[in-house]
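A.B. asks: For the sequence shown, the tail end lands on 120 under the numbering used here, and the numbers increase by one without skipping.
Among the hints, erroneous ones may be present.
[To be verified] Restraint-style ranges between C-beta atoms, simulated for each label pair: (1) Thr85 <-> Ser4: 44 to 52 Å; (2) Ala71 <-> Leu12: 39 to 47 Å; (3) Gly38 <-> Val64: 31 to 39 Å; (4) Arg74 <-> Pro40: 17 to 25 Å; (5) Ser4 <-> Ala28: 37 to 45 Å.
Hint data in this document are derived by calculation from the structure and do not stem from the laboratory. Just so it is clear, CB atoms sit at the ideal spot from N, CA and C, and this is done for glycine as well.
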Amino acid sequence: MRSVCWKAMVLGSVCLLAVFVAGCTGAPWVDSRREAGAPGKQVGASTMDRIVICHVSDEDSAVLQDMADAQCRRTGRTALFSHTARWQCSVATPHRSYYKCSGVGSDPEPEAADPDSRE
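My request is simple: use the sequences and hints to build the entire structure.
C.D. replies: Structure representation (structure tokens):
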């Protein structure tokens with residue numbers, strides 16, 4: 002009787018661990034965090050010329066490329082894959098893929114002018 006309870010407990014623990022680990026994987030995200038309260042100060046790994054995306058190892062490379070292209074498109078350029086650094090991001094999305102924005106660039110789109118401004 003004890004061995005049946007022990008086996009059930011081990012099996013239950015393994016199943017619980019599998020559910021927990023599966024729940025830790027997250028959606029890919031662009032590492033472009035900004036410092037709160039400090040306009041223009043960026044603390045994430047991404048810059049205007051380099052896009053960094055955190056992701057899991059089995060993420061589709063086309064999805065990552067689309068995300069990088071969307072970021073580079075803001076300045077009229079396209080993204081070229083550079084490399085992947087493993088175990089450099091968060092626990093849920095441990096890997097970082099680096100992309101370089103290339104092509105004919107443009108300045109970032111200016112913010113809308115304040116109509117009440119007297120400049």
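A.B. asks: Now, for every hint given, state plainly whether the structure supports it.
C.D. replies: Quick rundown of the hints versus the structure:
1. The given range of 44 to 52 Å is respected by Thr85 and Ser4, whose C-beta atoms sit roughly 46 Å from each other.
2. For Ala71 and Leu12, the Cβ-Cβ distance of about 44 Å falls inside the hinted range of 39 to 47 Å, so the restraint holds.
3. Separated by about 33 Å at the C-beta atoms, Gly38 and Val64 satisfy the suggested range of 31 to 39 Å.
4. Distance hint for Arg74 and Pro40: a CB-CB separation of about 23 Å, consistent with the stated range 17 to 25 Å.
5. For Ser4 paired with Ala28, a C-beta distance near 42 Å keeps the hint of 37 to 45 Å intact.
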